[in-house]
Amino acid sequence: LAKTTQPISMDSYEGQEVNITCSHNNIATNDYITWYQQFPSQGPRFIIQGYKTKVTNEVASLFIPADRKSSTLSLPRVSLSDTAVYYCLVGDGGTGGFKTIFGAGTRLFVKA
Amino acid sequence: GAVVSQHPSWVICKSGTSVKIECRSLDFQATTMFWYRQFPKQSLMLMATSNEGSKATYEQGVEKDKFLINHASLTLSTLTVTSAHPEDSSFYICSASGGQELYGYTFGSGTRLTVV
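Heads up: the sequence lines are chains H and Y, in that order. For what it's worth, the working numbering labels the leading residue of the first sequence as 31, then goes sequentially. For what it's worth, the working numbering labels the leading residue of the second sequence as 963, then goes sequentially.
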């Protein structure tokens, strides 16, 4: 299982773009990169998933360089409600039932 | 979208008693479910992998006799904390694969267990 490394915490202001980078140097060929958001006393919530290049959905973008050894979650124009912990996971992406190991995550604090 | 229902959302029990937590996939079949525990300000720690119709696979350091897992159907997995003690107080979360239109894992809302 590929280990992930993220910044422990980040601060931002409302309306700014936030980029959270995750390192996963030993990612395997079949691994997907998935990001989750967790609020206090709630289960993690799926944000976005990708394999390579760039993926965009209605809430975020995910940038993955060619070597796939890192990835960057981009949150456009954050609001106070985006204050949460963000986890980067590397693995089968939820299709094969392989266990998912969480790293420490990044605690994002958005200020007014 | 895919939904995983976890029940109860919180429970308080006396030391020495057992508590059962249910995890249901509401609109998809989950061959595999996972159970995690999370202490305050910490990340999720995987406890065990639950496969329908077979014994659960426990992570190293997790007592299988204390944390009983049953995955009797494709939509239900249960975690029973037996002879609970205050140190078992934690936030327990389940997840299932097969939801989200094949992408990502779907998580339950979690169960806050307090043992007094």
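Certain hints may be false.
[What the hints assert, rightly or not] Calculated lysine-lysine pairs in the PhoX-like style (CA-CA distance at most 25 Å, straight line):
(1) Y:Lys1026 x H:Lys141
(2) H:Lys33 x Y:Lys1003
(3) Y:Lys1017 x Y:Lys976
(4) Y:Lys982 x Y:Lys1028
(5) Y:Lys1028 x Y:Lys976
(6) Y:Lys1003 x Y:Lys1017
Keep in mind that the hints were calculated from the coordinates and are not lab data. Everything numeric in this text was worked out from a predicted model, so none of it was measured.
Status of the hints after comparison with the structure:
1. For the hint pairing lysine 1026 of chain Y with lysine 141 of chain H, the CA-to-CA distance comes to about 43 Å; that exceeds 25 Å, so the pair is violated.
2. In summary, the hint linking lysine 33 of chain H to lysine 1003 of chain Y is supported, as the alpha carbons are separated by about 20 Å, within the 25 Å threshold.
3. Of the supplied pair hints, the one linking lysine 1017 of chain Y and lysine 976 of chain Y is violated, its CA atoms being roughly 28 Å apart against a limit of 25 Å.
4. Restraint check for lysine 982 of chain Y and lysine 1028 of chain Y: satisfied, since their Cα atoms lie roughly 12 Å apart, inside the 25 Å limit.
5. Among the hinted pairs, lysine 1028 of chain Y with lysine 976 of chain Y is consistent with the structure: their alpha-carbon atoms are about 15 Å apart, no more than 25 Å.
6. Under the criterion of a C-alpha separation no larger than 25 Å, the hint pairing lysine 1003 of chain Y with lysine 1017 of chain Y is inconsistent with the structure, at around 31 Å.
The structure is inconsistent with the numbered hints 1, 3, 6, although it conforms to all the rest.
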